[in-house]
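Asker: Residue numbers (the numbering used here), protein chains in the order written: chain A, 6 to 120; chain B, 3 to 114.
Warning: the hint list may mix true and false statements.
[As the list claims (entries may be wrong)] Taking lysine-lysine and the BS3-like style, the derived pairs with C-alpha atoms no more than 30 Å apart in a straight line are: (1) B:K101 with B:K7; (2) B:K39 with B:K56; (3) B:K58 with B:K70; (4) B:K39 with B:K70; (5) B:K7 with B:K58; (6) B:K39 with A:K12; (7) B:K73 with B:K101; (8) B:K56 with B:K70; (9) B:K39 with B:K101; (10) A:K70 with B:K101; (11) A:K12 with B:K70; (12) B:K56 with A:K70.
Rather than coming from a laboratory, the hints here were simulated on the basis of the structure.
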Amino acid sequence: SAVISQKPSRDICQRGTSLTIQCQVDSQVTMMFWYRQQPGQSLTLIATANQGSEATYESGFVIDKFPISRPNLTFSTLTVSNMSPEDSSIYLCSVGGGGQNYGYTFGSGTRLTVV
Amino acid sequence: DQQVKQNSPSLSVQEGRISILNCDYTNSMFDYFLWYKKYPAEGPTFLISISSIKDKNEDGRFTVFLNKSAKHLSLHIVPSQPGDSAVYFCAAIVAAGNKLTFGGGTRVLVKP
Numbered sequence: 006s007a008v009i010s011q012k013p014s015r016d017i018c019q020r021g022t023s024l025t026i027q028c029q030v031d032s033q034v035t036m037m038f039w040y041r042q043q044p045g046q047s048l049t050l051i052a053t054a055n056q057g058s059e060a061t062y063e064s065g066f067v068i069d070k071f072p073i074s075r076p077n078l079t080f081s082t083l084t085v086s087n088m089s090p091e092d093s094s095i096y097l098c099s100v101g102g103g104g105q106n107y108g109y110t111f112g113s114g115t116r117l118t119v120v
Numbered sequence: 003d004q005q006v007k008q009n010s011p012s013l014s015v016q017e018g019r020i021s022i023l024n025c026d027y028t029n030s031m032f033d034y035f036l037w038y039k040k041y042p043a044e045g046p047t048f049l050i051s052i053s054s055i056k057d058k059n060e061d062g063r064f065t066v067f068l069n070k071s072a073k074h075l076s077l078h079i080v081p082s083q084p085g086d087s088a089v090y091f092c093a094a095i096v097a098a099g100n101k102l103t104f105g106g107g108t109r110v111l112v113k114p
């Protein structure tokens, strides 16, 4: 299965600023997924990023707040813009979903705290 | 609308005994079900999955059972080990959409 390197692992940011999270995959993948896990909550899909096209956002998430780039088949970034304390969460990227078991691989996550 | 639910937020079990984690779903279009394990400061790790056309899948100490008529699945861990202490997430997918829908998670503590 693919190996994902996600950066940064954690950050503390001032409200009103933006943070860009990076995910690098060791193999070419068609789709990359970005999830958010709010404190004590489950994982919620933010958007699906395909190379060469605009990301597809889930209900409740908008491009202005969470712009995504997908410049090639091994890399993607998620930016959390104009942050507020409510954005404090763990953000995770994911790839996979193919094969017999649909086993998606996740990055190690970015723990974001907005103060 | 929470389509995948894990009604037990936590579970404590003695080492060597069986851990049973439960998951309920509402969307009959789900085609595949997966279990993930998550340690603190790490991403979720794929554990085991089951197709909707099966009722059981086994991999070593882990067995997943699916009761499609009841829209219920369970994960059995036998025997439980201290290293199994983690948060377990149930997830489901409608194959064509490639989108994982997660349950709320169950925190498992295995006591030595």
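Asker: So which of the earlier hints does this model not fit?
Answerer: 11 and 12
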